[in-house]
Amino acid sequence: MGRPRQAILSPEKIYRAALELVDEFGDFTLPGLAKRLSVSPSSIYHHVQGRPEIINGIRSVIGADALAAGDFFTAGPAWQDRAAAWARSYRSALGQHAKCIPLLVGEAVTDRATLEIYEHLAALFVEQGFAADDVVVAVTVLDSFMLGSALDVAAPESAWLADAEAQPALHGAFARASLAGPRADISFEVGVTAIVAYLQTLARN
Numbered sequence: 516m517g518r519p520r521q522a523i524l525s526p527e528k529i530y531r532a533a534l535e536l537v538d539e540f541g542d543f544t545l546p547g548l549a550k551r552l553s554v555s556p557s558s559i560y561h562h563v564q565g566r567p568e569i570i571n572g573i574r575s576v577i578g579a580d581a582l583a584a585g586d587f588f589t590a591g592p593a594w595q596d597r598a599a600a601w602a603r604s605y606r607s608a609l610g611q612h613a614k615c616i617p618l619l620v621g622e623a624v625t626d627r628a629t630l631e632i633y634e635h636l637a638a639l640f641v642e643q644g645f646a647a648d649d650v651v652v653a654v655t656v657l658d659s660f661m662l663g664s665a666l667d668v669a670a671p672e673s674a675w676l677a678d679a680e681a682q683p684a685l686h687g688a689f690a691r692a693s694l695a696g697p698r699a700d701i702s703f704e705v706g707v708t709a710i711v712a713y714l715q716t717l718a719r720n
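In this text, residue positions in the sequence shown follow my numbering: the first is 516, and each later residue adds one.
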């Protein structure tokens, strides 16, 4: 009689299964991951060292999928448009996995795919003659805004359930608003336009 068939594990298979769990439940555990993969928890440790490596693996899967989906700089030659396109593209990629973001921000970026995404952005500013300090600020501010905006993609359209008497200004604004599109998308475009306008002042300096 042949040996029972076992699921063939690989680091990427583990990362993608963990990503599925986080998308569904907001987190993962090693026992839960083993159950999803139909293996024992000890089998997972033959391929990865533990939770931090899996979290970085989740990031690498998202980054690789984002890179495969298309160029982050498709908006023409102007660096301002290219920086905004980077933020839009990465927001779109992370917005599909918004529940992962709280996990990802707790670990330093080490995977090649995600580092390549940020290398594209840093190189864009270096090519424009930004000082090293300003490159760090530019990358960080776009990253921070993009991450928050990706979380907002998954938020309810009515994110603040204000009371008409207790919070009249907030309630009134939302009651009377007639935005031309999703609140998160319109707000993102306002924010990224403001950030790029500020970064232009760094380029001039």
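Just so you know, not all the hints are guaranteed correct.
To be verified - Calculated lysine-lysine pairs in the DSS-like style (CA-CA distance at most 30 angstroms, straight line):
1) K550 / K614
2) K614 / K528
3) K528 / K550
In short, the hints are calculated from the structure, not lab data.
If you draw a straight line from the CA of K528 to the CA of K550, is it 30 angstroms or shorter?
Holds: K528 and K550 sit about 13 angstroms apart, inside 30 angstroms.
Sort out whether K614 lies within 30 angstroms of K550, counting only the CA atoms.
holds, 20 angstroms
Satisfaction of hint between K528 and K614, Cα-Cα up to 30 angstroms
Satisfied, since the Cα-Cα distance of roughly 19 angstroms is no more than 30 angstroms.
Consistency with the previously given hints is maintained throughout, with no hint failing.
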